[in-house]
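Enquirer: Residues per chain are reported as follows:
Number of protein chains: 2
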Amino acid sequence: MKAVAFRRAVSADLPAIVALLADDPIGSGRESVGPKLDPCYTDAFAAIERDPNQLLAVAERDNRVVGVLQLSFIPGLTRRGLWRGQVEGVRVAAGERGGGTGRAFLEWAIDECRRRGCGLVQLTSDERRADAHRFYEALGFRATHRGYKLAL
Amino acid sequence: MKAVAFRRAVSADLPAIVALLADDPIGSGRESVGPKLDPCYTDAFAAIERDPNQLLAVAERDNRVVGVLQLSFIPGLTRRGLWRGQVEGVRVAAGERGGGTGRAFLEWAIDECRRRGCGLVQLTSDERRADAHRFYEALGFRATHRGYKLAL
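Chains X and G are the protein sequences, given in the same order. Using the working numbering, the letters of the first sequence correspond one by one to residues 1 to 152. Using the working numbering, the letters of the second sequence correspond one by one to residues 1 to 152.
If you're looking for bench data, these hints aren't it; they were derived computationally from the structure. Heads up, a few of these hints could be off.
Just so you have them, the derived chain X footprint on chain G, three or more residues with Cβ under 8 Å [as the list claims (entries may be wrong)]:
1. 2-8
2. 56-65
3. 69-81
4. 95-107
5. 123-134
6. 139-148
Even glycine gets a Cβ: it sits at the ideal position worked out from N, Cα and C.
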């Protein structure tokens, strides 16, 4: 088995990424999967590509996408003009869990945030994801905040 | 007393905005205030201005800045390519609290997110801000997530 590699996603990765997003107990009902890629994802990918402060990344092993996450680099005034790196939509393929792939992927993401000058990395995790909470806490994240959402 | 108005911030608002950010029990120790505006804030303001997916907004009454918040419009693949509106750095002047200014400001911000095509508005609030939690819950936000932070 070859080593896992992390890189910026390209449009050819989209079907594999969407399959990963849908293969998740919480995410499954929120995605649109079928034999043909739903154009909502190609539109979203184009919007991410247009924004230099977004980085959609994949983990790849043996030419297969085995993980996905999105980084947003957010400028702001608070904390003396601190840039924040935000992690969203983290998914690791079922067969890769528990083997360190997720941890290595997040460490790579944190390094990217550091490289872009961020002073803080932030993410929110659904209250129901107890395994994810242990995972992020082992990486040094602290749950100091409540994550509020409002559907429009 | 004139009505409160909400608008995009301009650089001339920066000293008043920084004073608001510093006039906060949690934020005070994290900001840099003095007779001269710290260049870290002008740099941060320029970075916000350069990014079309950022909107720094102020609440104004009688030509005085009485509130500030930042909106980030974030494209993403999850939830069928949903755009998220994210609210960060919300501050309302002490003399304006409890009178509906904060609520009106957030409702204005939520409308901006809707206008920009977002399907979700999200924010995190420090666990210590009990008043803020009641405020966001009254606006319809639900604390479904944990907000994790990692200082770099």
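Enquirer: A separate judgement is required for each hint: does it hold in the structure or not?
Expert: Cross-check of the supplied hints:
1. Residue count for the region 2-8 of chain G with a Cβ under 8 Å from a Cβ of chain X: 0. That is fewer than the three needed, and the coverage hint is violated.
2. Residues of the region 56-65 of chain G with a Cβ under 8 Å from some Cβ of chain X number 1, which does not satisfy the need for three, so the listed coverage is violated.
3. By the rule of at least three residues with a Cβ nearer than 8 Å to a Cβ of chain X, the coverage given for the region 69-81 of chain G holds, with 10 such residues.
4. Coverage of a stretch by a chain is defined here by at least three residues with a beta carbon nearer than 8 Å to that chain's beta carbons; for the region 95-107 of chain G and chain X the count is 0, and the condition is violated.
5. A count of 6 residues in the region 123-134 of chain G with a Cβ less than 8 Å from any Cβ of chain X is obtained; the coverage claim is therefore met, three being the minimum.
6. Judged by the Cβ-Cβ criterion of 8 Å, the region 139-148 of chain G is covered by chain X as claimed, because 10 of its residues qualify and three suffice.
Of the hints listed earlier, those the structure fails to meet are numbers 1, 2 and 4, in rising order.
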